[in-house]
Amino acid sequence: MSLVVQGVGFSYEAGPEVIRGLDVAFQPGELVGLIGPNGAGKSTLVGLASGVLRPRHGTVELDGRPLRRFGRRELARRLGVVPQVPELPSGFSARSVVAMGRAPHVGFFASEGPQDRAVIEASMRRVDAWRFRDQPVGSLSGGERQRVVLARALAQQPDWLLLDEPTAHLDLRYQAELMRHAARLAGEGLGVVAVLHDLNQAARCDRVLLLDRGRIVADGTPEEVLRAPLLERSFGTRVRVQPGDRPVVTAE
Amino acid sequence: MQRTAVRAVPAPSPRWTVRTASAVGLAAVVVAALAVGSVAITPGEVVGAIARGLQGRLDGAMDVIVWQVRVPRVLLAAATGAALALAGTAYQAVFRNPLADPYLLGAASGAGFGAALALVHGATWAWLGLLGVGGAAFLVAVTTVVVVVLLARRRGRLPIVSLILAGVVLGSSLSAATSFVMLADRERTAGVLAWLLGSFAFAGWRDVAILAACLVPAVPAALAARRAFDLLLVGETSARQLGLPVERFKWTVVLGATLLTAAAVSVAGVIGFVGLIVPHAVRLAVGPEHRELVPLSVLWGAAFLVGADLVARTVLSPAELPVGIVTALVGGPFFLVLLRRGREAW
Amino acid sequence: MKHARDHRNPAAILVSRAVAPVAIVLAILAFGVAFAQGRVVDDLGREIVLDASPLRIVTMVPTHTETVCALGACDRLVGVDSFSNVPAEVSRLPDLGSAFDADLEALIALEPDLVLTDEYSGLAEALVPLGIPVYAGTPQTVAEVWSTTEALATLLGLESEAALLIGRAQGRVEALSASVAGLPAPRVFVELDATPYSVGPGSYLGELLTLARADNIVPGRLGDFPQVDPELVVAEDPQVMILLDAPFGESAETVAARPGWGSLSAVRDGAVIELDQASVDLLTRAGPRLPDALELLIELLREVRP
Numbered sequence: 000m001s002l003v004v005q006g007v008g009f010s011y012e013a014g015p016e017v018i019r020g021l022d023v024a025f026q027p028g029e030l031v032g033l034i035g036p037n038g039a040g041k042s043t044l045v046g047l048a049s050g051v052l053r054p055r056h057g058t059v060e061l062d063g064r065p066l067r068r069f070g071r072r073e074l075a076r077r078l079g080v081v082p083q084v085p086e087l088p089s090g091f092s093a094r095s096v097v098a099m100g101r102a103p104h105v106g107f108f109a110s111e112g113p114q115d116r117a118v119i120e121a122s123m124r125r126v127d128a129w130r131f132r133d134q135p136v137g138s139l140s141g142g143e144r145q146r147v148v149l150a151r152a153l154a155q156q157p158d159w160l161l162l163d164e165p166t167a168h169l170d171l172r173y174q175a176e177l178m179r180h181a182a183r184l185a186g187e188g189l190g191v192v193a194v195l196h197d198l199n200q201a202a203r204c205d206r207v208l209l210l211d212r213g214r215i216v217a218d219g220t221p222e223e224v225l226r227a228p229l230l231e232r233s234f235g236t237r238v239r240v241q242p243g244d245r246p247v248v249t250a251e
Numbered sequence: 000m001q002r003t004a005v006r007a008v009p010a011p012s013p014r015w016t017v018r019t020a021s022a023v024g025l026a027a028v029v030v031a032a033l034a035v036g037s038v039a040i041t042p043g044e045v046v047g048a049i050a051r052g053l054q055g056r057l058d059g060a061m062d063v064i065v066w067q068v069r070v071p072r073v074l075l076a077a078a079t080g081a082a083l084a085l086a087g088t089a090y091q092a093v094f095r096n097p098l099a100d101p102y103l104l105g106a107a108s109g110a111g112f113g114a115a116l117a118l119v120h121g122a123t124w125a126w127l128g129l130l131g132v133g134g135a136a137f138l139v140a141v142t143t144v145v146v147v148v149l150l151a152r153r154r155g156r157l158p159i160v161s162l163i164l165a166g167v168v169l170g171s172s173l174s175a176a177t178s179f180v181m182l183a184d185r186e187r188t189a190g191v192l193a194w195l196l197g198s199f200a201f202a203g204w205r206d207v208a209i210l211a212a213c214l215v216p217a218v219p220a221a222l223a224a225r226r227a228f229d230l231l232l233v234g235e236t237s238a239r240q241l242g243l244p245v246e247r248f249k250w251t252v253v254l255g256a257t258l259l260t261a262a263a264v265s266v267a268g269v270i271g272f273v274g275l276i277v278p279h280a281v282r283l284a285v286g287p288e289h290r291e292l293v294p295l296s297v298l299w300g301a302a303f304l305v306g307a308d309l310v311a312r313t314v315l316s317p318a319e320l321p322v323g324i325v326t327a328l329v330g331g332p333f334f335l336v337l338l339r340r341g342r343e344a345w
Numbered sequence: 000m001k002h003a004r005d006h007r008n009p010a011a012i013l014v015s016r017a018v019a020p021v022a023i024v025l026a027i028l029a030f031g032v033a034f035a036q037g038r039v040v041d042d043l044g045r046e047i048v049l050d051a052s053p054l055r056i057v058t059m060v061p062t063h064t065e066t067v068c069a070l071g072a073c074d075r076l077v078g079v080d081s082f083s084n085v086p087a088e089v090s091r092l093p094d095l096g097s098a099f100d101a102d103l104e105a106l107i108a109l110e111p112d113l114v115l116t117d118e119y120s121g122l123a124e125a126l127v128p129l130g131i132p133v134y135a136g137t138p139q140t141v142a143e144v145w146s147t148t149e150a151l152a153t154l155l156g157l158e159s160e161a162a163l164l165i166g167r168a169q170g171r172v173e174a175l176s177a178s179v180a181g182l183p184a185p186r187v188f189v190e191l192d193a194t195p196y197s198v199g200p201g202s203y204l205g206e207l208l209t210l211a212r213a214d215n216i217v218p219g220r221l222g223d224f225p226q227v228d229p230e231l232v233v234a235e236d237p238q239v240m241i242l243l244d245a246p247f248g249e250s251a252e253t254v255a256a257r258p259g260w261g262s263l264s265a266v267r268d269g270a271v272i273e274l275d276q277a278s279v280d281l282l283t284r285a286g287p288r289l290p291d292a293l294e295l296l297i298e299l300l301r302e303v304r305p
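Residue numbers (numbering that gives the first Met the number 0), protein chains in the order written: chain A, 0 to 251; chain B, 0 to 345; chain C, 0 to 305.
Just so you know, these hints were derived from the structure itself, not from any lab.
The reader is advised that the hints may include incorrect statements.
What follows is a set of in silico ranges between Cβ atoms, one per label pair, in the way DEER data are often shown [to be verified]:
| no. | chain 1 | residue 1 | chain 2 | residue 2 | range |
| --- | --- | --- | --- | --- | --- |
| 1 | C | 262 | B | 98 | 30 to 38 Å |
| 2 | A | 62 | B | 146 | 54 to 62 Å |
| 3 | A | 60 | B | 152 | 39 to 47 Å |
| 4 | B | 150 | A | 13 | 20 to 28 Å |
| 5 | B | 131 | C | 171 | 36 to 44 Å |
| 6 | B | 236 | A | 6 | 53 to 61 Å |
| 7 | B | 131 | C | 48 | 56 to 64 Å |
| 8 | C | 256 | A | 12 | 37 to 45 Å |
| 9 | B | 131 | C | 262 | 18 to 26 Å |
| 10 | A | 12 | B | 208 | 44 to 52 Å |
| 11 | B | 236 | A | 63 | 37 to 45 Å |
| 12 | A | 6 | B | 152 | 30 to 38 Å |
| 13 | B | 150 | C | 124 | 33 to 41 Å |
| 14 | C | 38 | B | 251 | 49 to 57 Å |
Not close to chain A: a few residues of chain B, all C-beta gaps over 12 Å, as computed [unchecked claim]:
| no. | residue |
| --- | --- |
| 15 | 37 |
| 16 | 46 |
| 17 | 120 |
| 18 | 244 |
| 19 | 332 |
Computed from a predicted model, the values in this text were never measured in an experiment.
Where is the CB? At the ideal position from N, CA and C, for every residue including glycine.
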């Protein structure tokens with residue numbers, strides 16, 4: 000099993016290329032942190048890897064098969080996405096939102112079976128969202144909503160999980176909690192790729208990719224990538240890195 | 000992923016209570032509408048006339064009134080209400096816009112233009128005469144929406160904003176064209192105006208049959224697609240990532256809702272407000288999930304229009320109010336009350 | 000009646016040129032032909048065939064009410080529309096609303112054996128499937144007044160009454176026209192509403208104006224019921240203005256207050272005629288009171304004729 004990006008270039012409409020000649024391969028069981036300055040192309044890479052954006056050049060392949068050859072439903076059974084700013088219809092109950100994750104399995108015209116209901120419950124319990132299952136999502140806090148969306152992606156029972164800045168709107172406790180969830184899922188064999196704004200969250204990953212102007216400029220363990228010279232060049236600011244198993248990065 | 004034992008669902012769930020109550024409510028309004036008319040007919044006679052009508056042997060003027068006038072009128076109001084509310088639900092889901100109604104893409108202005116052409120020029124242009132007012136309205140309505148969709152299309156996709164803009168602009172142009180056609184022949188203006196306001200006054204079995212033929216496939220299809228409608232509410236990108244072929248689904252829904260709207264308009268004229276407020280009212284009452292929204296919109300839409308028509312034909316009897324005025328006057332305040340008291344809908 | 004019985008128009012015109020007694024004889028002869036044909040086709044192109052002479056008639060436009068009563072069959076009416084008010088006795092009959100929003104239930108409950116209505120409202124299309132005989136058509140010209148009268152008379156079995164009625168009416172029209180022959184023709188503007196809508200020479204009222212020896216300032220190319228450019232009115236400077244919208248509040252003052260209209264000859268000379276509702280009805284209902292309408296017009300113009 001692999002998710003492979005090969006020689007991919009991409010631009011929006013007639014704009015400049017935001018991803019250029021990018022090559023990267025993701026492995027199952029790995030938690031990958033995607034970091035880089037604003038405009039580096041992190042979210043675009045998530046769009047390309049999830050098949051909602053089509054590369055101008057190159058291919059994205061899942062198990063050796065180009066994404067565009069997958070049907071939407073087939074792809075959604077393999078690959079779950081937690082968007083940066085999830086749009087949630089506020090009158091829906093948390094459970095109904097998670098149930099949407101079953102759509103690629105059930106189909107759009109059939110009803111949930113007992114198996115589906117079991118998966119929904121398990122997914123919600125996983126991220127501790129089951130207790131507010133009947134509450135309308137509009138009444139939930141940012142952290143609770145984020146967990147609902149994560150549960151929805153889990154309900155897809157995917158092999159791959161793409162998280163686009165999942166901790167952006169969360170306070171400290173939930174940031175840590177979400178990263179623990181992500182790490183646990185990777186430990187269970189899922190391939191998890193997370194766009195991370197906070198470099199210290201990236202320190203918890205198995206592997207870190209530093210993206211700058213549409214290219215990968217560093218790829219390795221947190222210790223290898225979270226180094227002052229590399230970060231300073233990409234982010235354009237002085238940083239101090241406290242080295243170690245989990246490096247701590249602060250801007251000067 | 001660990002398995003969790005499935006719990007048995009406890010007996011009568013609240014959603015079935017609401018559905019049953021809605022169905023009973025619709026039945027009650029229909030019975031009231033069948034019982035009341037400008038000619039006093041006892042309930043017994045009404046039942047007898049319907050029985051004889053079903054057997055195809057009408058006996059006397061009372062039977063004709065019940066079976067040929069009142070029953071088709073009530074059924075057509077119900078079918079029109081159901082069709083418009085369903086189309087409104089579909090449009091609101093596709094456009095994710097609370098102001099979307101079945102006429103958003105120009106179906107009403109198109110139908111109005113077709114009807115005006117047929118009413119004014121039907122006698123001179125043979126093909127128009129052949130189509131009849133309803134046929135011309137239906138044809139021009141569908142053509143209008145197809146043109147709007149083609150104008151709004153960008154590289155195989157249907158961006159919502161260009162769709163709405165194209166619909167509004169083409170709709171305004173067609174309304175202007177309708178006014179122009181009406182000016183050309185002042186005598187027939189009253190006929191065109193009466194048609195545009197919408198009425199069930201001269202409803203016949205043929206009209207009921209036409210609309211029923213559209214509803215019979217549309218309602219089950221919409222019920223079946225409830226999950227896809229829900230998915231549209233989380234945004235098109237997320238919907239795609241959850242496996243929905245968004246563009247294809249949008250095309251299908253816009254086409255289906257347009258055919259339904261055009262059919263409703265071609266038999267009943269342009270009746271406003273139903274397609275806009277009924278889905279909202281249901282949403283305020285039971286929430287936005289289409290599992291509830293689709294069936295309840297159909298039931299409530301039918302009941303609302305049957306009730307509105309009942310008011311329209313009794314309040315000023317023997318004169319009639321245009322039913323569109325009643326839907327706005329009665330529906331507006333009712334909706335505002337719901338809006339004040341209801342829960343958050345979107 | 001545009002398509003229905005146009006073949007009879009030459010005869011009708013011929014009749015109108017003859018002196019009254021001869022006209023009656025000719026009309027009776029003409030009806031012999033109609034009798035032999037026995038066909039009545041309405042403006043929707045449908046042939047109306049009745050099993051028996053109708054005795055329970057509903058009229059849904061005022062002109063048909065007037066025609067039926069003028070033929071002496073007022074007692075056969077069982078229901079009328081809201082606007083029918085001539086002759087006065089019909090106001091005692093059940094009011095069935097207007098043709099556009101007729102009270103179908105009440106209409107059917109009257110069990111009519113003939114409904115006379117218009118061709119635009121859709122009422123005919125609603126009634127025909129119920130097996131109720133319907134005549135749908137309204138006269139739009141002077142010639143159609145005669146042909147519609149004949150058609151209704153044929154349906155009612157009152158052909159000779161119609162011949163007398165038409166003969167007498169055409170005789171009066173002939174005499175009235177003769178009374179104004181050779182008089183100077185004043186330029187006239189007829190206003191239907193303040194938009195302003197007017198009438199072209201091809202319309203019924205336009206034809207009456209011609210018969211009354213008035214010069215309609217609206218040219219025929221604008222159609223029968225055109226909305227006219229106010230500039231045209233100023234340019235043509237009518238000597239007489241007839242306000243059919245006076246019941247809706249228009250008057251000599253409101254007309255004078257319109258931009259550029261204050262100096263029109265008709266305004267300066269006090270020749271702006273404000274009609275009451277009864278007169279408006281008389282002038283706009285193409286029906287058996289056609290000679291009365293013509294007489295009213297000639298009377299109005301006499302006072303202001305230059």
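Outcome of the hint check:
no.	hint	verdict
1	C/262 - B/98: 30 to 38 Å	51 Å, violated
2	A/62 - B/146: 54 to 62 Å	44 Å, violated
3	A/60 - B/152: 39 to 47 Å	30 Å, violated
4	B/150 - A/13: 20 to 28 Å	21 Å, holds
5	B/131 - C/171: 36 to 44 Å	42 Å, holds
6	B/236 - A/6: 53 to 61 Å	24 Å, violated
7	B/131 - C/48: 56 to 64 Å	23 Å, violated
8	C/256 - A/12: 37 to 45 Å	59 Å, violated
9	B/131 - C/262: 18 to 26 Å	51 Å, violated
10	A/12 - B/208: 44 to 52 Å	49 Å, holds
11	B/236 - A/63: 37 to 45 Å	26 Å, violated
12	A/6 - B/152: 30 to 38 Å	31 Å, holds
13	B/150 - C/124: 33 to 41 Å	35 Å, holds
14	C/38 - B/251: 49 to 57 Å	53 Å, holds
15	37	43 Å, holds
16	46	38 Å, holds
17	120	44 Å, holds
18	244	5 Å, violated
19	332	23 Å, holds
Hint check: violations occur at hints 1, 2, 3, 6, 7, 8, 9, 11 and 18; the rest are consistent with the structure.
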